[in-house]
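Asks: Each chain is listed here by its residues.
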Amino acid sequence: SQTIHQWPATLVQPVGSPLSLECTVEGTSNPNLYWYRQAAGRGLQLLFYSVGIGQISSEVPQNLSASRPQDRQFILSSKKLLLSDSGFYLCAWSATAQETQYFGPGTRLLVL
Amino acid sequence: RKEVEQDPGPFNVPEGATVAFNCTYSNSASQSFFWYRQDCRKEPKLLMSVYSSGNEDGRFTAQLNRASQYISLLIRDSKLSDSATYLCVVNIGGNTPLVFGKGTRLSVIA
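Chains as they are written, first to last, in my numbering: chain A, 7 to 118; chain B, 7 to 116.
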């Protein structure tokens, strides 16, 4: 069966510090991968999605970037965090764009 | 017009009540539809897919109305454990990722 991992679960970072969040998927090949952010009490905001290694689509221009160095690994990065980057970051995978997405447990980021 | 719209709620209902949520979508070419459930401070999880003929899973019933471009979720005999945010999700076609509504919050009260 497929599983999706995210770490860390919680992160507290100072403004201006770098960020690296990792997501890995097991039990499937060539998944579509997604990064979302959810601010407190708000809906899901799609940040990036990837249909294959090295293929990244950005939905929202901001100080975040994403990379997919391996088939089942998706990384979200920032060189300098802003206060507004605080939120709940969720990684998800799907077999195709039209099929169900399955979410990881998320990383709760607090930028101070 | 937003691609997927939901009443944010909250819906506060007593245990045992029947509650219904609606969700409208703007793209008539949308192909597939889902309801997700998100508990507080947790990730969203698939509750059920929505089929053209409507489908039922225990106390939950999902309906699709293509003519009016809305989907619905009916919860019968509400339980305290049904308290969560319910997300309407639509595939608008092609290789575009699924579009998530902002969710409807349900609180079931004893």
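Among the clues, some could well be false.
Stated by the list, open to error - Short derived list, chain A residues pointing at chain B, Cβ under 7 Å:
| # | residue |
| --- | --- |
| 1 | GLN51 |
| 2 | LEU53 |
| 3 | TYR55 |
| 4 | SER56 |
| 5 | SER92 |
| 6 | LEU96 |
| 7 | ALA103 |
| 8 | PHE109 |
| 9 | PRO111 |
| 10 | GLY112 |
Unchecked claim - Negatives, chain B to chain A, calculated, CB over 12 Å:
| # | residue |
| --- | --- |
| 11 | PHE17 |
| 12 | VAL19 |
| 13 | SER38 |
| 14 | GLU49 |
| 15 | ASN71 |
| 16 | ALA73 |
| 17 | SER78 |
| 18 | ASN101 |
| 19 | LYS108 |
| 20 | SER113 |
It should be emphasised that the hints constitute simulated quantities derived from the structure, not laboratory data.
Heads up, the beta-carbon is just placed ideally off N, CA and C, and yes, glycines get one too.
Asks: All hints, please: hold or fail.
Replies: Now for the hints, and whether the structure bears them out:
no.	hint	verdict
1	GLN51	violated, 9 Å
2	LEU53	violated, 11 Å
3	TYR55	holds, 5 Å
4	SER56	violated, 10 Å
5	SER92	violated, 14 Å
6	LEU96	holds, 6 Å
7	ALA103	holds, 5 Å
8	PHE109	holds, 4 Å
9	PRO111	holds, 6 Å
10	GLY112	holds, 5 Å
11	PHE17	holds, 16 Å
12	VAL19	holds, 20 Å
13	SER38	violated, 6 Å
14	GLU49	violated, 4 Å
15	ASN71	holds, 20 Å
16	ALA73	holds, 22 Å
17	SER78	holds, 19 Å
18	ASN101	violated, 5 Å
19	LYS108	violated, 3 Å
20	SER113	holds, 14 Å
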